[in-house]
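Quick note on the numbering used here: the sequence shown kicks off at 52 and runs consecutively.
Read the hints as simulated data drawn from the structure, not as lab findings.
Just so it is clear, the structure is predicted and the values come from calculations on it, not from any experiment.
Every residue, glycine too, gets a C-beta built ideally from N, C-alpha and C.
Cross-link-like lysine to aspartate or glutamate pairs, in silico, EDC-like; alpha carbons within 20 angstroms at most:
1. K177 with E65
2. K177 with E71
3. K69 with D180
4. K145 with E198
5. K145 with D111
6. K195 with E110
7. K207 with E109
8. K195 with D119
9. K224 with E210
10. K207 with D111
11. K195 with D111
12. K224 with E211
Pair by pair, the computed Cβ-Cβ distance ranges are:
13. N183 with T157: 33 to 43 angstroms
14. G221 with T167: 19 to 29 angstroms
15. V251 with G130: 48 to 58 angstroms
16. V251 with A78: 27 to 37 angstroms
17. P146 with K175: 38 to 48 angstroms
18. D141 with K213: 35 to 45 angstroms
19. R216 with E65: 48 to 58 angstroms
20. E65 with G228: 33 to 43 angstroms
21. V187 with N237: 28 to 38 angstroms
22. S118 with G241: 42 to 52 angstroms
23. R185 with M126: 19 to 29 angstroms
24. C242 with K213: 26 to 36 angstroms
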Amino acid sequence: MGPLLNEAGVLVTEDAEKVELLNAFFASVFSAKAGSQESQALEVREEAHREDDFPLVEEDCVRDRLSDLDTHKSMGPDGMHPQVLRELADIIVKPLSIIFERSWRTGQVPKDWRKTSVTPIFKKGKKEDPGNYRVVSLTSILGKVMEQLILEVINKQVEEKKVIRSSQHGFTKGKSGLTNMIVFYNGMTGCVDEGRAVDVVYLDFSKAFDTLP
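Construct all of the structure, not just a fragment, from the sequences and the given hints.
Here it is in structure tokens:
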């Protein structure tokens with residue numbers, strides 16, 4: 052990475068200084084502080100849910116996830132390579148299931164799984180501007196496995212309860228930005244064919260993923 056401009060407009064060339072500069076920028080757009088409602092929810096989480104409210108983490112599901120790991124993927128900061136996890140699936144599936152279940156019930160994630168290797172990727176504009184870089188994080192493989200298990204249950208719950216409207220295309224199975232554009236185009240051209248006035252408002256959520264807690 053080339054030199055970066057600091058707040059004083061001076062070019063920073065030392066690696067350590069560039070790291071600190073990027074870290075300060077990423078931290079400035081990251082909302083890490085929980086609101087009052089979120090804090091209260093964390094405190095009463097154990098009391099608010101009964102034991103049967105939590106789907107059990109089945110060993111077979113964990114074993115299937117470990118067996119499907121891509122051995123060509125990089126290991127996370129915890130040093131656990133997917134090849135090792137895949138070959139030891141039958142041995143570690145039971146303790147992992149216990150950890151996943153405990154984490155699910157308490158809302159707490161093991162400390163090592165919260166560590167990440169952050170890499171700044173240039174987007175566009177001036178390369179000297181720290182604001183033109185986005186964050187790519189390399190996290191723990193085991194943490195990702197747990198996320199996938201939780202995601203499956205959440206998706207199933209959302210589908211059964213019909214929480215997501217048909218107009219939602221992003222991050223929805225079987226839909227994408229392309230299907231969204233097709234529906235939009237069809238609706239707008241239909242209105243024009245009928246001789247109706249059409250107004251379109253575009254919203255650009257700049258750095259939306261950088262500011263999520």
